[in-house]
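Asker: Here are the chains, one letter per residue:
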Amino acid sequence: MFLKFTGKLLFEKKRYLIKTLLIMKFIIILLFAACLQVSATGYSQTITLSQNNVSLKKVFREIERQSGYNFLYKDKLIRETANVSINMHDASVEAVLVECFKNQPLTYSILDKIIVIKAKKHIPLINPVAILPAPVNIFRGTVKDEKGNPLAGVSVIVKGTKKGTSTSTDGSFSIDANVGDVLEFSIVGYREKSILVGQNNNISLVMEVEAAVGSEIVVVGYGTEKKADLTGSVASVSSKQIENRPITNITNALEGTVAGVTVVQNNGQPGYDAGTINIRGVGTLNNSNPMIVVDGNIVSSMNDINPNDIASVTVLKDAASAAIYGSRAANGVIIITTKRGKAGTSQIRYSDYFGKQQATRLPDWAPSWQAATLFNEATVNEGGQPVYTDAEIDSFKLGNSPYNFPNTNWLGLLYTGNGFQQSHNLSASGGNDKTQYYLSVGYFDQNGLTPKTNTKRYNVRLNLTSKVTDNISVFANLSYTLQPTLQPQSSYPGVPAFSQLIRQANRISNIIPYKYANGDYGYIADGSPMAWLNSPSFDNLQQTNYQGIVGADWEIIKNLHFRPQLAYVVSQSDDNNFIASIQYYSPQGAPTFLQAPNYASETYQQSTAFTPQMLLDYSWKIGRNNDFKALAGYSQELDNWHELYGYRQNFLNNALSVINLGSPTGQVTKGDATQLALRSYFGRINYNYKDKYLLEGNLRYDGSSRFAATNQYGIFPSASAGWRISKESFFKSLTNIVSDLKLRASWGKLGNQNVAGNYPTIPVINAGQNYVFGGTSPVVAAGIAQTAGVDPSISWETTTESDLGLDASFLRNTISLTADYFIKNTTGILYALPVAASYGLTAPVVNAASVRNQGLELTIGYQNKIGAFRYNIIGNAAFIKNEVTSLAGIGPVIGNGSIMAVGLPINSYYGYVAQGFFKDSAQVASHASQTGISPNTGPGDIMYKDISGPNGKPDGVIDTHDEKYLGNNFPKVTFGLTVNFGWKQFDLTAFLQGTAGVKQYGATPGSEGNAAGKPEEALWDSWTPTNTSAAFPRPAISYTQNYVPSSFWVKDAAYIRMKNLQLGYTLPAKLTKRMHMQKLRIYYSGQNVFTFSQFYKWVDPETAGNSLYDYPQVKVNSLGLDATF
Amino acid sequence: MKHFINYSVCIGLLLLTSCQKDFLNRQPLDAYSNSSLWTDSSDAAAALNGVYAGQNSWASDNASGWADGFLVNYMDVASDNAYSEFYWEGFQDFGNGLVTPSDPNADDLWSPCYTTIAKCNFFLGNVGVTPMDSSAKLQMIGQVRFIRAYQYFWLTTLFGDAVLDTTTQTPQQANTAVRTPKAAVVKFELREFAAAANYLPISYPASQQGQITKGAALALKMRIELFENDYTDCVADAQQIMNMGIYSLYPSYSGLFRIQNEGNSEDILDVQYKENDHPNGTLGVMLPTSLGGWESISPLQSLVDNYETITGKPITDPTSGYDSTQPYKNRDPRLLATILVPGASYGGEIYDPLNHSSVDYYTNYGGSKSLYLVKKFTSYLSDFDNIWNTGLDMPLIRYAEVLLSYAEAKIELGQIDASVYNAIDQVRVRAGLPPTDQSVYNSQTTLRTLVRRERRSEFAMEGLRWFDVQRWKIGPQVMQGATYGGKLGTVNDTTGHLTLTGPNTFVENRLFDPAKNYLWPIPQAQINIDRNLTQNPGYN
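Residue numbers (my numbering), protein chains in the order written: chain L, 1 to 1125; chain Y, 1126 to 1665.
Derived from the structure by calculation, the hints contain no laboratory data. Model, not experiment: these values are computed from the prediction. Check each hint, because a few of them may be wrong.
Below 30 Å or equal to it, Euclidean Cα-Cα: the simulated DSS-like pairs (lysine-lysine) are [as the list claims (entries may be wrong)]:
1. K953(L) x K1641(Y)
2. K1097(L) x K964(L)
3. K227(L) x K434(L)
4. K1641(Y) x K964(L)
5. K102(L) x K727(L)
6. K865(L) x K1079(L)
7. K732(L) x K226(L)
8. K621(L) x K102(L)
9. K945(L) x K1641(Y)
Label pairs and their in silico Cβ distance ranges [what the hints assert, rightly or not]:
10. Y585(L) x S1166(Y): 52 to 60 Å
11. L560(L) x K1146(Y): 26 to 34 Å
12. Q358(L) x S1158(Y): 52 to 60 Å
If we take Cβ atoms under 8 Å as the criterion, some of the chain Y residues that face chain L in the derived model are [said to hold, decoys possible]:
13. F1148
14. N1159
15. T1225
16. I1242
17. Q1385
18. Q1397
19. K1399
For every residue, glycine included, the Cβ atom is placed at its ideal position computed from N, Cα and C.
One chain only, chain L, in its complex shape:
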């Protein structure tokens, strides 16, 4: 697809694009004209200064005195500035300021009579009047790296113009510019720099490697924090790690990026492919999804956010950092911040990609002749006669009789979708020092591997910040997402789901013809998956999400901020469903069975969340070295949910599907509504002594409507401390080797009230307990009854977590290391502990079980460059152990192949231990009796180990006493590895991700069958008297003895996968300049590029459970571009 963008087409497209962008820019200007406040004009008052080697502060005081101007700055900012010497006579304020800020990491702007000092992050707004028009000059210079080597390919742009160049191999450049212009220097892998053009026309600049050093600002709960000052376990993911990957939603983008965060993606179906996230293991038997905070507002899902709008993602992993969110933070917190405009810039950015999906792995069904042969063997094994003659099997093999002896490739028929996906994003951002904006539109369109699977997502976002007065700023983040998702449906009675269609395509035998000679569908008892797919049945889910967050920041007195915020989120989903009736015919064309009736249903759901919040924060200093910060806050949330459902059946035909066209007989309407309210008070205090000793304390007091009034509130405290050893004087001599070293320790308590149902403490009498009376003229007898047990005394589920951490960097930040050890105990887990049947109601939710997760997380980074070759490597790994520590005296709770027991991980695998296959009937007779499993046990069946008996000793009988723990699905290790290479204009990113020490149970190799059920190719290696060293037991049809839960079916599911591979090329600045762009990058990006695993080759190891029902995982190859104007 990308070919369209090369050659002539590229330029046509580009011209079109630029035109569009110009129009956009114009619209944006109009839009914001009203909001923009005109910057202050200049003042001509003069100042005389004669100061030698004094602090900036002192100079400022002098300027204030002479001019009546006031300075506004944060103390911290100028604490580390160099002293200045200024001798000026009758100079303008501006001239003095230019002198003051020469070689300082600061910039300033003038508003009314206030001079605002800022870190030089933003490009200074130069007062146009203050700068005399200077003649155009050629400025020359060289750019070097930190080691003094010349740096080639650095783009040099005159800010605000289209003028630009790039450095040559000796690092030199020359450019037309005026004094007062700002030159911007950028190259991949280095921090962007900009310098103000002064009189000196020989510029020398050193670029610094972009490194994760302590000055990085990290978003934390209700605020931000310098990374160096963090005392909790916090990890952040930058927008760079998310952008330009063909991922469909933000959940999947996080996979493998942060140690201790596991994302399991279950399939690749458009619109239904969001993975599940766990932070530091599964700590509860309830919903273990982390809490999601978007722009300060707690939301239920982050999948409606356009990944391109995200500025940063922060993961709060330990209790101390998450405790400020108390009530819902027990599973960790993911904080997402969306992009904002930057003052002094204006940027239009367009990016797109076009990709194609393929299945990572598909079942490999045996050809029909093998299926028939195995079916014969199985029939004989079960005491029957062979069904197919040798001649018939030969006919299957020959394949020249497609109707009588077919070999139908059902998956080939099913997965004929084009799998094409594309994404387009256009954003405009910028602003001045008063108002900044970020406006984006996004479009995403994905077709699946099956026809009629599709999802589209339309995103619009406007983030706006404006300073209303000197000490009040307001902001609004408004976003809208529309996501329609389409999938086909099955006409299988009662189970219309698309998964049923996939299941049947993986079940129906290759021996069944796709169509008979007469054109009618071949079918089995359940129907034909292709008849379903090709029918007019559909499921169209339309999801919309409106999110509005407005807020203000009022600095009441210096450093005391009052920050109120209101958020309102409306999520709607409208699910339209139509199931067609299907008539099947015999090969002779006579109607046989009918899958009917056809029907349509519509489910409309709306949930709203209204969340006001108020924060008060203050920072102050005692003496020179004692920095304090304090935060107090209040928030509440009211969630309303309602649903309306309508159903009608017996449409005249399958052509139309609006409910009104169905028969009113048998119609169904349903409606339901629930509410949930939460109210919270919270506070935090930080203490920082000389950036050396760091302390933080949090307290949150949370109330939930889920609990009875007496148990409504829970208190969640936490404390943490950090020690930056590298700041100690005794450490000075080591700083050449260890540039930074910090030890952290934290402890905290978190809560969880997220149980199924919003009213777990209120006994209710339910309606809908209906029966009918009346014989041949039945009428519904509407009834009521109590059906659910409740325990009114329940309260918060509590997670107590301790964390010991270490952050270090070595060799001038070329190597970085973060390590954390944690123990996370969750007690009083809200769980419907099984109650004996004679209770008669469903088990009430009680504070029951306890679970412990403990583990170690490591992140190690290394960056370096050799000549023009730059690279960095970041690896992360987590070792987590999960264990149920209490089940309140109940249990073990044993399911079919699973066990929940104290001392074992949650839902572990459980069953017999396989000891190979029985060689012959003598061995069957001499081994412990397996009659209890099946009286049909014979040679070629799995032999189970006699472990125990009623007396605790092997008893010669294989029964429940011989079942044991067989492993679990929690990986012992999860890891991710990101490698970035840069060479001149090229960049390469490879991201590997995987797990180790993990088991999976239940991925079946299909079954012997000639109608419903078919074998994997792998089953060809099944036991026969002549193939006793086979991979699988003897073929069977209805014998189940080999399929009872046993270690035979528990497999090592470790894998390593190249999750993303990106190869990019940034056009040289010279060329970009000619194209009137700031930057243009084109790239290839692949998702799930390759996978290594010992697991069954027909099942994706990442996919949990039975693959027969699952849409496959997909790999995506895409080409894209990213342009900044």
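Chain L is fixed; fit chain Y onto it per the hints.
Answerer: Same frame as chain L, now just chain Y:
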């Protein structure tokens, strides 16, 4: 401007957040509370309906009910009458003796009874305060006591000793409950049925058909007395029902099970269904694949062989006229009314499980390994729009059972008189057989053989056979060893003509340990919770 913003923000937020004291007090929007219930007879009637709704998770496809048609269909799989190919449907291992305490299906038969019992106890514990006409109230109480005793009938019959609850339980009580000996629980059942019979009317208006009647209470009481070998009381109750004068056999055996004949004179008690609103969703499991069914239930050859020939003689009798090459011809008409056999015309086609190009081929996955399928409730497919959503009521007890129970009890008492022959012959003649040959069936032994054969043929696939195997203690004879289906051969797909060459298809090997298998295992999941529950012998 600045002050305006400051103040409005503060005031606005304070108003929004701080004033609602009851902010966290949220009540369900979609359900009632017990405190506002029981104000008049309509509340009580709604609660009564809620009891009838029961909660039988036996039937995921059925609407729930205090009793379940699903069991009527499936219970014979747990006997020598039939086989179920799909073990996950929950009955295969009850048939072949492999059921273990950890089999989830054991729990699926134990727990739902208690759900309904809890509803009954809730009703009985609360209805007293309702201001309403006392006779109407007593009538309601009678129905609920019947429904509760009916659950115990199932529990004691399947599991023996049961946890006997007559009041609402707390989780603590439930988790420490002990089993009451079967004899005591049975005594309770009989007392409850007797009491219910006193309160209940003989019949209801047509719109209330399906509610428990006096006849139903007496019939259940009679059934339990027969099962407990209490023949004298059984005869008395049977006679009381016969003398009520409102029950008689419906003239057509196959018509008896049709939807348009629901509530006929033979119907004493059934489970009620209504298409769409409260559907019977299990009939489809019995249909052949070619008609969209699942072929879940396969009758066995031993059941087919139980049917006499049209001459009224068993097929083992050389003078019966039985032709083993055309085994389905000239047989007791109930055979073809109950079982779909190879070559039979059904649903507009010839049922052919013998040709391997047929969708219904017997070795296909989902094919009937015995060649046979059930058609008793679906003989007339045109009665239904959608076989998975029907309104067909399922019989729980019908008058034929009263007649045959009366006969059996009298035979066991040695009181062989004309009334015994009369009762048996009513059933035989309605079926289309000649009356009993009194010259052959003239002793307790021969009559016992006859009445037992008659019961099996008359009630085949109605879920009663296991009870008879259990009480006659014939497990080792009928549920042990290899089981078979019909003979192999070919079907002429136009005429349905059979050419049978044999052998009989092998279905499965069965085990039966009389020291163990007459009772089902107490579910291990329940014992894991309630350590006071004892396991039945042989299952530890």
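Asker: None of the hints should be skipped; say for each whether it holds.
Answerer: Each hint, compared with the structure:
1. K953(L) x K1641(Y): Cα-Cα ~23 Å, so holds.
2. K1097(L) x K964(L): Judged against 30 Å, a Cα distance of about 27 Å means the pair holds.
3. K227(L) x K434(L): holds, 27 Å
4. K1641(Y) x K964(L): Given pair K1641(Y), K964(L) holds - Cα atoms ~26 Å apart, limit 30 Å.
5. K102(L) x K727(L): With a Cα-Cα distance of about 28 Å, the restraint between K102(L) and K727(L) holds, given a limit of 30 Å.
6. K865(L) x K1079(L): holds, 23 Å
7. K732(L) x K226(L): holds, 22 Å
8. K621(L) x K102(L): holds, 28 Å
9. K945(L) x K1641(Y): holds, 25 Å
10. Y585(L) x S1166(Y): 52 to 60 Å: Check passed, 56 Å falls within 52 to 60 Å.
11. L560(L) x K1146(Y): 26 to 34 Å: holds, 30 Å
12. Q358(L) x S1158(Y): 52 to 60 Å: holds, 56 Å
13. F1148: With a minimum Cβ separation of about 5 Å from chain L (threshold 8 Å), the hint on F1148(Y) holds.
14. N1159: Holds, about 6 Å.
15. T1225: This hint holds: T1225(Y) lies near chain L, its Cβ roughly 6 Å from the closest one there, short of 8 Å.
16. I1242: holds, 6 Å
17. Q1385: holds, 6 Å
18. Q1397: holds, 5 Å
19. K1399: This interface hint holds because 4 Å falls under the 8 Å limit.
Hint check: no violations occur; every hint is consistent with the structure.
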